[in-house]
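Take these sequences, add in the hints, and give me the full structure.
Protein chains in written order, with our numbering: chain R, 145 to 431; chain W, 34 to 288.
Keep in mind the hints are simulated off the structure, nothing from the lab.
This one's a predicted model, so the numbers in the text were calculated from it and none came from an experiment.
Warning: the hint list may mix true and false statements.
Stated by the list, open to error - Looking from chain W toward chain R, a few residues come up when the C-beta cut is under 10 angstroms (computed):
id, residue
1, R66
2, Y76
3, V79
4, P80
5, F159
6, Y215
7, G234
Unchecked claim - Computed list of chain W residues with no C-beta within reach of chain R, every gap over 10 angstroms:
id, residue
8, V64
9, A112
10, E124
11, M125
12, L138
13, V216
14, E237
15, L275
16, D277
From the three backbone atoms N, C-alpha and C, an ideal C-beta is built for every residue, glycine too.
If you want the building blocks of each chain, they are given just below.
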Amino acid sequence: MSYLLALPYIIFMAIFGIGPALYALLMSFSKFSMGVPQYWAAGLDNYKLAFGDARFFQVFGNLLEFLIVSVPLGIGFVVLLALLLDMRPGRFSSALRLLYFIPGAVTGPALVLLVICILDPTISPFGPLFKAIGATNFDALVFPGSLPFLFTIMGFFSGAGMWIAIQHGGLQGISTEVIEAAELDGCNAWQKALYIKLPLMRPYIVYQTILIFALNVQLFVEPQLLTSTWVQANVPPQWAPNQLAYSYAFDVGNFGAAAALSLLMVAIGLVGAVVLIRWSGFFKLEG
Amino acid sequence: MMTRQTATNQRAPGRLSLKRYVGDLGIIGYVIRLAILLIFAIYFVVPLVWLLFATTRDPTSLYSSWFPLTFGSIDRLVASWTNVIAYQNGEMLLWLGNSIRYAGLSLLGSLAICIPAGYILAIGRFPGRRVLLWLTLITMLLPVSAMVLPLFLELNLAHLINTQWAVILPAMFFPFGVYLSYVYYGASLPRELVDAARVDGCSELRVFWNLALPLARPLLGLLAFISFNANWNNFFGPYVMLNDDKLYNLPVGLN
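In structure tokens form, the structure reads like this:
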């Protein structure tokens, strides 16, 4: 009977998740000439090609830096904002929550325009701020060492609102009795947030950590924006592994190598996820 | 006169009412909270306002204006929007309609699939449960660039390429939503309630329909929000699966 409720999902996962994934695995051992696959013909060549690429260790190194910066900062600030908004429920908090969410709707060409203009101190609305920290031109802001932070800030801009809404959903699930009991015991707003709400948010924080990690491993849009033809930023055209995979597939037409690299990314993502899931007991049933 | 009297009376013990106003946040806490929230509001909103104003200004003034957040002129705004709407013989509105339809249908389908799945993963004990959770994770880790060719071939086999279903069906597979439903039910559905219903002879299906689904209202809103947003911004799917520009959605059309 349990299977009946999960059945539609199992079917869709088989068709649109696992099926394509297995085909990607097959592709990673296949040779592509003029877009026509010869299955199993490549052996391990695609993996060798990926490992042997001079950019390979560079892009994974970049990714590692990005993950170290973006995962803790992203989660920390989302949880902070969600808790602060929750201290005073009301119209002001609801309005801010909506406001934080709006940037998520900006994509495509508008996002390119936005990023380029915001990062150019001569026209940016934050120009005075940038000049105050000594950045008078684009290159003073956009350089290799700043990229993990820039991509984090860009990702947070468009994604944080959604996560704040999710954490808000989690906070609303906390029973009012628990909060009232804490108030009777003399907890103030800050103590309630730190000692009552934060521990009870744990499942949602774990959820966010796992998903942010899974999403950020696939970093693509943010570095791609900075390498668009409009900008002369000194950003390498393939900064993240996903860009390199994309380049294999669509610049060179080597879908095999793209699949091999993607599967290596999945493997790395899985290692991180296994650690998180084991440590947090995310898959354990309550009670 | 009366009202003014009461107003002054209320204001009279000034320190006390300020204390009452800031409540259990404390005065310093109140200020810190407000400051952090407003700083982030600036971070999120100023670029948007700038973008909005940019549509009202002519290109040279973007560089020359002494203050970056200036409003240009209404004429400019009208001209910009007329340009956008007239772009590609008014196909813009068609794309808008497509965007709404794709996102709406994907949303309904994905919710119908992921809520029961998340629920049963959170409360059910059945063989294969962990496998399902792991597979969900793996599919989320797969980059779109690796999935796009297999998906294309699959949909081609089913003769669905260049139909709206080539965009909608893959979008109905929504592992993020399954995990969110899983967390939601795991954290906020009391197990005793489920067990009691089972003891009373409710079938799993009835427990879900009469107990779990009504409790899921906040979850439903959240999922709808996320799914719609994801599909509204879907670029890669329509870009690869469609080649008739009458079927494009906004992100692909505007590109």
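Contradicted hints - numbers only: Result: hints 7, 13 and 14 break, sorted rising.
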